[in-house]
Amino acid sequence: MVSIATICSHSALQIFHGARQEGFGTIGVAKKSVKKTYGSFPLAAPDEYVIVDDYYRLLHPSVQRGLIKKNAVLIPHGSFVEYIGSENILSKLKVPLFGNRKSLKWESSRSKQEEWLKKSKVRFPKTIDFEDIAGRVFVKFGGAKGGKGFFSVSSRTEFLEECVKRNVDSKTAAIQEFLVGSRYYLHFFHSPMQRRLEFLGADKRIEIIDEAYRGLPKINEDFFDYTVTGNAPVVLRESLLPQAIDMGERVLEASKKLFKPGLIGPFCLETMLTKNGFVCFEISARIVAGTNLYPQGSPYSPYIFEEPMSTGRRIAVELAEAEREGKLEKVLS
Amino acid sequence: MVSIATICSHSALQIFHGARQEGFGTIGVAKKSVKKTYGSFPLAAPDEYVIVDDYYRLLHPSVQRGLIKKNAVLIPHGSFVEYIGSENILSKLKVPLFGNRKSLKWESSRSKQEEWLKKSKVRFPKTIDFEDIAGRVFVKFGGAKGGKGFFSVSSRTEFLEECVKRNVDSKTAAIQEFLVGSRYYLHFFHSPMQRRLEFLGADKRIEIIDEAYRGLPKINEDFFDYTVTGNAPVVLRESLLPQAIDMGERVLEASKKLFKPGLIGPFCLETMLTKNGFVCFEISARIVAGTNLYPQGSPYSPYIFEEPMSTGRRIAVELAEAEREGKLEKVLS
Amino acid sequence: MVSIATICSHSALQIFHGARQEGFGTIGVAKKSVKKTYGSFPLAAPDEYVIVDDYYRLLHPSVQRGLIKKNAVLIPHGSFVEYIGSENILSKLKVPLFGNRKSLKWESSRSKQEEWLKKSKVRFPKTIDFEDIAGRVFVKFGGAKGGKGFFSVSSRTEFLEECVKRNVDSKTAAIQEFLVGSRYYLHFFHSPMQRRLEFLGADKRIEIIDEAYRGLPKINEDFFDYTVTGNAPVVLRESLLPQAIDMGERVLEASKKLFKPGLIGPFCLETMLTKNGFVCFEISARIVAGTNLYPQGSPYSPYIFEEPMSTGRRIAVELAEAEREGKLEKVLS
Chain V
1 MVSIATICSH
11 SALQIFHGAR
21 QEGFGTIGVA
31 KKSVKKTYGS
41 FPLAAPDEYV
51 IVDDYYRLLH
61 PSVQRGLIKK
71 NAVLIPHGSF
81 VEYIGSENIL
91 SKLKVPLFGN
101 RKSLKWESSR
111 SKQEEWLKKS
121 KVRFPKTIDF
131 EDIAGRVFVK
141 FGGAKGGKGF
151 FSVSSRTEFL
161 EECVKRNVDS
171 KTAAIQEFLV
181 GSRYYLHFFH
191 SPMQRRLEFL
201 GADKRIEIID
211 EAYRGLPKIN
221 EDFFDYTVTG
231 NAPVVLRESL
241 LPQAIDMGER
251 VLEASKKLFK
261 PGLIGPFCLE
271 TMLTKNGFVC
281 FEISARIVAG
291 TNLYPQGSPY
301 SPYIFEEPMS
311 TGRRIAVELA
321 EAEREGKLEK
331 VLS
Chain Z
1 MVSIATICSH
11 SALQIFHGAR
21 QEGFGTIGVA
31 KKSVKKTYGS
41 FPLAAPDEYV
51 IVDDYYRLLH
61 PSVQRGLIKK
71 NAVLIPHGSF
81 VEYIGSENIL
91 SKLKVPLFGN
101 RKSLKWESSR
111 SKQEEWLKKS
121 KVRFPKTIDF
131 EDIAGRVFVK
141 FGGAKGGKGF
151 FSVSSRTEFL
161 EECVKRNVDS
171 KTAAIQEFLV
181 GSRYYLHFFH
191 SPMQRRLEFL
201 GADKRIEIID
211 EAYRGLPKIN
221 EDFFDYTVTG
231 NAPVVLRESL
241 LPQAIDMGER
251 VLEASKKLFK
261 PGLIGPFCLE
271 TMLTKNGFVC
281 FEISARIVAG
291 TNLYPQGSPY
301 SPYIFEEPMS
311 TGRRIAVELA
321 EAEREGKLEK
331 VLS
Chain B
1 MVSIATICSH
11 SALQIFHGAR
21 QEGFGTIGVA
31 KKSVKKTYGS
41 FPLAAPDEYV
51 IVDDYYRLLH
61 PSVQRGLIKK
71 NAVLIPHGSF
81 VEYIGSENIL
91 SKLKVPLFGN
101 RKSLKWESSR
111 SKQEEWLKKS
121 KVRFPKTIDF
131 EDIAGRVFVK
141 FGGAKGGKGF
151 FSVSSRTEFL
161 EECVKRNVDS
171 KTAAIQEFLV
181 GSRYYLHFFH
191 SPMQRRLEFL
201 GADKRIEIID
211 EAYRGLPKIN
221 EDFFDYTVTG
231 NAPVVLRESL
241 LPQAIDMGER
251 VLEASKKLFK
261 PGLIGPFCLE
271 TMLTKNGFVC
281 FEISARIVAG
291 TNLYPQGSPY
301 SPYIFEEPMS
311 TGRRIAVELA
321 EAEREGKLEK
331 VLS
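Chains as they are written, first to last, in the working numbering: chain V, 1 to 333; chain Z, 1 to 333; chain B, 1 to 333.
I should point out that these hints are in silico values taken from the structure, not numbers from a laboratory.
Beta carbons are placed, not taken as given, at the ideal position from N, Cα and C, and that holds for glycine.
It is possible that some hints are incorrect.
[Said to hold, decoys possible] Facing chain Z, from chain B, some residues (calculated, C-beta under 10 angstroms):
hint	residue
1	M1
2	S3
3	H10
4	F16
5	H17
6	A44
7	G85
8	G135
9	L160
10	D203
11	A212
12	D222
13	G290
14	N292
15	Y294
16	Q296
Construct all of the structure, not just a fragment, from the sequences and the given hints.
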């Protein structure tokens, strides 16, 4: 039987907890300093640890051999991809991975995401050339993790000033239309075993800017910081579900054409619901941290499963089914 | 045994899920286009569908005869009332309805709501004459669904300008005092079978304006849009519960006088908790979408029920009890 | 066997519900007016009531004798401490109390809290002298309950004007640095029986100021009101958990040195997560109302307990274990 392994961060508690519920052994790749934290959650702590100095060490042949020997399947998550790098996951990581590892490459570049969304016929934020800045725009940087360093400005002058102030190269900026609406982060799961797409829930990311109003009427500029600090639970108007699920299906279908066999397992569409419908500003091609809200299931999962079903557990259920039917190749890469 | 039927929108997943938990057969009145979405949630999908081109078709004699033949009880929800119309529900709909259908008439007119709240001795927002606009006021329109088209202004000039800009007739506007406080949408259930009023939970509606601060310091006017997009869970300070429940009881008692036998089943008080206590700006005389947050029960329902109790399930429990005791007339109209 | 008793407010429903789950008898010290409200929640209502005109009456020898006769253990909560007073709890309350009653003294004074946080090596907001106000500062008053009366200003003149306007003595104000970040209220439980510190969840308090943005672009000053009205659920980025739990441990360790045997049972660290990490602006040395979100467990409790575990139930579990092992003295004071 395979074991479930991942790096101890991001959504690892949920992944291990779900694995344990389905009877899998678990392995945590951890820095020594976080072992104690995971030990504080006995039902979500891994059965055993592979201690590393740096998560990048996971790529070391001896570490990989150890994991392969233990029949480990790695579950990728946001920090996993950040620490190891999608390129290394493709070229240097030999341990079996849950999901299609090519999808991680497609999520990690803005231009690839745009190609994907275009092929999906899903609306995404318009890119704006520097010369065309005529009103409020949103500015992102490729290396920015978790929204850190993003900002919004209303003119070319302001844009350039902000780049100087932040000491960033204005030429590397992605300038996008500023979207007005409600943010919804939509959690999906594509099950090759059940041959279906499941809508498992939604959340809203909490960013430092979310408390900016507490500084009104005089705003501290420090509040204009898009760093993600956590997540809050939400549900959508039910009349929006057809659009939301349709969008998920289109992204899934496009993925099958762009990188066979396409998305496997959990993915997330980060959207802004504007008065003209959803605009998708990001795809995450693996489990997202917003699912940490729902270790016992979301407000949608009881409509699909009798048991409390987290995304972490859903991964384990899929893996167990694939293993039982001798079809692990359908869910691993 | 009766079947539980409703229009596939708003809170239908929750209603069907609850019905199924209590062993009822379920019928979804649906447009062909949404059937697939409901099929994505196998434990909340109706057992059978009545496909219509337009929800208004529910009123057609042949559709009604079909539902009556199947012993259907219709559960009204927000979209149900919007699509069919409270007047038609009273005069043209022959299928038995859960709850008192007269209550839907009382929720659908602002003047009737005010009469009801006045009789309940529950504070509601003061109406302000155009001539008396002297500071910030809130402006609503009768036809506005889900908050769309509402706005707030600070002077008569601004009010008139806004009406011109939006191309709405200023004479049809309801001008109200602008309330300062925290919004709480309080979910109640009046059980004629148990002869009690239950407090089942609370939520906060998510509106597009709720992310207005993300445009600070320069606000995009587009953000001033009160369209409801979803819901978020909340709990109240426990010391506010006596006031909240008392308000629910007064609204229930007044309903018994205004339209016998008064409210039956779920209703919601949409309130602003100001520093002078609750102000109720709306009554919903049927299940509200905020209860979709709690398919497994809210933070309050475990204090009343041993099992996970959604409002949808609560309806089914009431109906089952009434049927078992041969008292369906107590919960239907 | 002991009974579980508390004042009917704050988190009493949760406490009684948890006590009942673990088989304890329950006693509610209540004003007559709230008895009905608690009766609305049959699974969280106390088995019996001790009716008082004023909660302060709990200190009356006859009331205390009655409780002691019934083998009552009092569970302190926020309103409990507010109504009775931490000094009276130490000197006049003879009924056994769950937890270390000395901790309530340490939470009730700003200077003691600062001493505690300093000893814990946990960052807290810097105190600013009137003369040194040079930018935005946050102003608190000792007697302010639930954030009422707090304000923020940007200059000495503005500070003095605000004090005059509010008719408060500027000399009694605590002037602090204005913090920019996301608020997280972290729920901990120190179990002497299990000899461990548990992280049971997190919430965000809802204050009237939290809807200030709804008044944009013209802000009603009335919105600048920090009165707490309720709570909303949140989760933290998992990579922040080591810092959060470490902070909890340091506060616990410091408490052992400052008031032996230190914190027992639930406590909460009220923090602002800034871009430089957590800043703790308050310690609550007992159950907090934010735990009312989780009567069936939080997004973290399933990682520690197989059963749905609220903080109220956790208290009962600890008390039951101590009683079973004849070690009540380890959890009472």
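Here is how each hint holds up against the structure:
| no. | hint | result |
| --- | --- | --- |
| 1 | M1 | 23 angstroms, violated |
| 2 | S3 | 19 angstroms, violated |
| 3 | H10 | 5 angstroms, holds |
| 4 | F16 | 9 angstroms, holds |
| 5 | H17 | 6 angstroms, holds |
| 6 | A44 | 4 angstroms, holds |
| 7 | G85 | 18 angstroms, violated |
| 8 | G135 | 16 angstroms, violated |
| 9 | L160 | 24 angstroms, violated |
| 10 | D203 | 9 angstroms, holds |
| 11 | A212 | 8 angstroms, holds |
| 12 | D222 | 4 angstroms, holds |
| 13 | G290 | 8 angstroms, holds |
| 14 | N292 | 5 angstroms, holds |
| 15 | Y294 | 7 angstroms, holds |
| 16 | Q296 | 6 angstroms, holds |
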